[in-house]
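**Q** From first to last, the protein sequence lines stand for chains A and B. Letter by letter, the first sequence follows residues 1 to 236 in the working numbering. Letter by letter, the second sequence follows residues 1001 to 1307 in the working numbering.
Errors might be hidden in some of the hints.
Once the Cα atoms are required to be at most 30 Å apart in a straight line, the calculated DSS-like pairs of lysine-lysine come out as [said to hold, decoys possible]:
1. B:Lys1184 x A:Lys113
2. A:Lys180 x A:Lys113
3. B:Lys1184 x A:Lys156
4. A:Lys70 x B:Lys1099
5. A:Lys133 x B:Lys1103
6. A:Lys76 x A:Lys156
7. B:Lys1175 x B:Lys1099
8. B:Lys1103 x A:Lys52
9. A:Lys26 x A:Lys117
10. B:Lys1003 x A:Lys133
11. A:Lys70 x B:Lys1103
12. A:Lys76 x B:Lys1184
13. A:Lys135 x A:Lys113
14. B:Lys1103 x B:Lys1175
15. A:Lys52 x A:Lys70
16. A:Lys76 x B:Lys1099
17. B:Lys1184 x A:Lys133
18. B:Lys1184 x A:Lys70
19. B:Lys1103 x A:Lys76
20. A:Lys156 x A:Lys70
21. B:Lys1184 x B:Lys1099
22. A:Lys52 x B:Lys1184
23. A:Lys113 x B:Lys1003
None of these hints come from the bench; they were simulated from the model. All values derive from a computational prediction rather than experimental measurement.
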Amino acid sequence: MLRIRHLDAYYGDVQVLFDMDVTVGKGELVSIIGPNSAGKSTLLKSVLGLVKAGRNHDGGGIFLDGLDLKGMNTEKIIDQGIAIVPEGASVFPEMSVYDNLYLGGYTRPEQIKEMMKQVFGMFPRIEERLTQKAKTLSGGERQMLCIGRALMSSPKLILFDEPSLGLQPSIVLQIFQHIKRIHETGVAILLVEQNVFQTLAITERTYVLEHGRVALEGRSEDLIDDDYIKKSYLAI
Amino acid sequence: MRKQIVWIAVFLALLLVPALKLEGYYYRTLSMIFLWIGLASAWNLTSGFTGYIDFGAVAYFGIGNYATALLMTKAGLPFFPAVVISGLLSGAIAIFIGKHTMKLRGAYFGIATLAFAEAVSQIVLEFDRTFHITLFEGSHGITLPIAHDETFFYYTFLVVVGLIVFVVFLTDRNKFGYALKAIKEAENSAELAGINTQRSKVSVYAVTGVMIGVLGGINAYWLTYISPLDVFSVTHTIHMIIMALFGGIGTVFGPVIGAVVLSIANETIGASLLYTYLLMLGVILLVVVIFVPSGFIGLLSFRRFRK
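Chain A extracted, bound-state conformation (with noise of 0.2 Å):
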């Protein structure tokens, strides 16, 4: 579904992805993991078109199912079937509930009533809060309300950029739960993570972002049990 292959990525003349090469299959849940500045939000930025992306290698890009991503706006890739839960669950705030999930299937007009009511269904609390301004919800709140926006367009795959940030717990298990769910409807997934150990026991396959190179990938399962990878990130 989702090729990333020989990707190359500028802040200005600054590079901060180097040959890059990530794959998502349909359907699949994989994750990419790494420390701060490793050039994970960097790569869903590139995926959306929103930093300068090259290719150092013949064949090279992005390619969503086959078509080539490069040059085309942000809005045409978010067309073409991508949705994304951005940092810091970042809502329209004084927009209400509605509006924002309305926003959300901006680009599948013809769908908002009938993916309303699948959202409700994954998120009851929301539609309680339907009239509210959005800038009222609470933090978990917030964090559903961005992931029932992304499912408004029924994307065929989701970009999540760390959505545990900044939440208790209790909370975190639960959006971990959410994303679960969305994947086993079908939805590829790709998730962007800091919380190593909760990421890696519900994806499938993980890559490991080390300054801008992938320094190891593999199953999450067999990377949970990696010596480098307890010591580096689970601090075992």
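Based on these hints, arrange chain B on the given structure of chain A.
**A** Chain B in isolation, oriented as in the chain A frame:
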């Protein structure tokens, strides 16, 4: 829905006003109020909905004035075709300016639009003297043919302004309006929702340009005399901003209420006690901005909420 019915009733009642055979003064005053409703609403459509505060909106008013004046006096076009072409010209210029300035955010956009309006004003003022031709007539201004009677302008302003408010009303409720409001709230998130933010901003800016350009064209024929210092005066932009702020920026009917209240205040208190009026206006604005940033409409919603 009841609110919309009230506004439609007001519009229909205003259509019947000329049947009362009022004195010319009342038509002129009402036409002036309509003009300001249109200008404040058109300004609000871009700046109130997207949050991009345009300090150069008067440029399109001046362009509309001059385009209509030149098309009528130099090209001999009748009034209505001249006004339509003026609106389209304003819109085309707005697309060009918007494409370049709407990539800027916050104060930078405001400064760029202010500079644009000043530049256009100076071009109109100095063009003839610089190129030794007679086109804009410099500071002497242009005199237009004598206009029709006051009820003609009353109806023209009423219908055009009614259309402008209706467009704002529709925008507030459609998909495009959602996109504009999302841009105002969080532009980066709007982009991630699949909204082409740049195209949305430029499109709405062009519509505002057309609206203000058309109003400028009607204004030129109504006044029969225009000069750059009058029609490009930055105080016009300031009035549009103040009226929208007073009534409720980013709402449909806020700028309408703001324009009505402040135009009447200007006509009554401002005419006899100019400095008292300006002082009062300043105090009212301070109070509104500090205590009721959502304007008069916001105050009404708050009262309803408290009940």
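**Q** For each hint, tell me whether it holds in the structure or not.
**A** Hints, verified against the model:
| no. | hint | in the structure |
| --- | --- | --- |
| 1 | B:Lys1184 x A:Lys113 | 25 Å, holds |
| 2 | A:Lys180 x A:Lys113 | 24 Å, holds |
| 3 | B:Lys1184 x A:Lys156 | 28 Å, holds |
| 4 | A:Lys70 x B:Lys1099 | 23 Å, holds |
| 5 | A:Lys133 x B:Lys1103 | 28 Å, holds |
| 6 | A:Lys76 x A:Lys156 | 14 Å, holds |
| 7 | B:Lys1175 x B:Lys1099 | 21 Å, holds |
| 8 | B:Lys1103 x A:Lys52 | 17 Å, holds |
| 9 | A:Lys26 x A:Lys117 | 24 Å, holds |
| 10 | B:Lys1003 x A:Lys133 | 23 Å, holds |
| 11 | A:Lys70 x B:Lys1103 | 22 Å, holds |
| 12 | A:Lys76 x B:Lys1184 | 21 Å, holds |
| 13 | A:Lys135 x A:Lys113 | 23 Å, holds |
| 14 | B:Lys1103 x B:Lys1175 | 22 Å, holds |
| 15 | A:Lys52 x A:Lys70 | 10 Å, holds |
| 16 | A:Lys76 x B:Lys1099 | 19 Å, holds |
| 17 | B:Lys1184 x A:Lys133 | 15 Å, holds |
| 18 | B:Lys1184 x A:Lys70 | 28 Å, holds |
| 19 | B:Lys1103 x A:Lys76 | 19 Å, holds |
| 20 | A:Lys156 x A:Lys70 | 19 Å, holds |
| 21 | B:Lys1184 x B:Lys1099 | 17 Å, holds |
| 22 | A:Lys52 x B:Lys1184 | 25 Å, holds |
| 23 | A:Lys113 x B:Lys1003 | 27 Å, holds |
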